[in-house]
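A.B. asks: Sequence:
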Amino acid sequence: MLRFDPFGDLDLLTRGLLNGQSGSNRSPRFMPMDLCKVDDHYLLTADLPGVDPGSVDIDVDAGTLTISAHRTARSEDSVQWLTNERFFGTYRRQLSLGEGVDASAISATYENGVLNVTIPIAERAKPRKVQIAHGGKQTSIETNTVDAG
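At position 109 of the sequence shown (counting the first as 1) the number is 109 in UniProt numbering, and the numbers step up by one without a gap.
Rather than coming from a laboratory, the hints here were simulated on the basis of the structure. Here the structure is a predicted model, which is why all the values come from computation and not from measurement. Be careful, since some hints might not be right.
[Unchecked claim] Simulated restraints on C-beta separations:
# : residue 1 : residue 2 : range
1 : A105      : K129      : 21 to 29 Å
2 : A62       : S107      : 54 to 62 Å
3 : D61       : D39       : 20 to 28 Å
4 : T72       : M33       : 32 to 40 Å
5 : K129      : D102      : 18 to 26 Å
6 : I132      : D39       : 55 to 63 Å
7 : M33       : D77       : 30 to 38 Å
8 : G113      : S78       : 24 to 32 Å
9 : T118      : P49       : 56 to 64 Å
The C-beta atom is built at its ideal place from N, Cα and C for all residues, glycine as well.
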């Protein structure tokens, strides 16, 4: 699995530095995430504290996994802020899925501010045994296919 936009975080940071002012509306800088391979699937874990579970959206289109979520700003006009550091707005991450994943079987859970996305490896990409005919008898040789992620 590869990141879809390697310059996205840098672009977001640059826009934030150019547009961000103390006490102004600020949008999230990034969605921290981990991605690892566990047995026959990939596990993506993203931190989304304070995000309404109903705002979390995961789409798969043309080999791209898109995760978006929204944290609503406090709308109290009568509040005098002493410090206002928490980001609000829309979080978004995109990843390019390799051909070796089963996009139709992707599943996700969201609990305690953590999103877990399970991305299964496709059957065709898993290691398998290939039968080889040799001098009238067959033997079995284990092969490992190339991991597309």
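A.B. asks: Hints first: check each against the structure and report whether it holds.
C.D. replies: Consistency of the hints with the structure:
For the pair A105 and K129, the supplied restraint of 21 to 29 Å holds, since their beta-carbon distance comes to about 23 Å. Roughly 20 Å separates the CB atoms of A62 and S107, a value that falls outside the hinted 54 to 62 Å. For D61 and D39, the Cβ-Cβ distance of about 27 Å falls inside the hinted range of 20 to 28 Å, so the restraint holds. For the pair T72 and M33, the supplied restraint of 32 to 40 Å is violated, since their beta-carbon distance comes to about 21 Å.
The given range of 18 to 26 Å is respected by K129 and D102, whose C-beta atoms sit roughly 21 Å from each other. In this structure, I132 and D39 break the distance hint of 55 to 63 Å, their C-beta atoms being roughly 27 Å apart. For M33 and D77, the Cβ-Cβ distance of about 34 Å falls inside the hinted range of 30 to 38 Å, so the restraint holds. The given range of 24 to 32 Å is respected by G113 and S78, whose C-beta atoms sit roughly 28 Å from each other.
The hinted range of 56 to 64 Å is not satisfied by T118 and P49, whose Cβ atoms lie roughly 21 Å apart.
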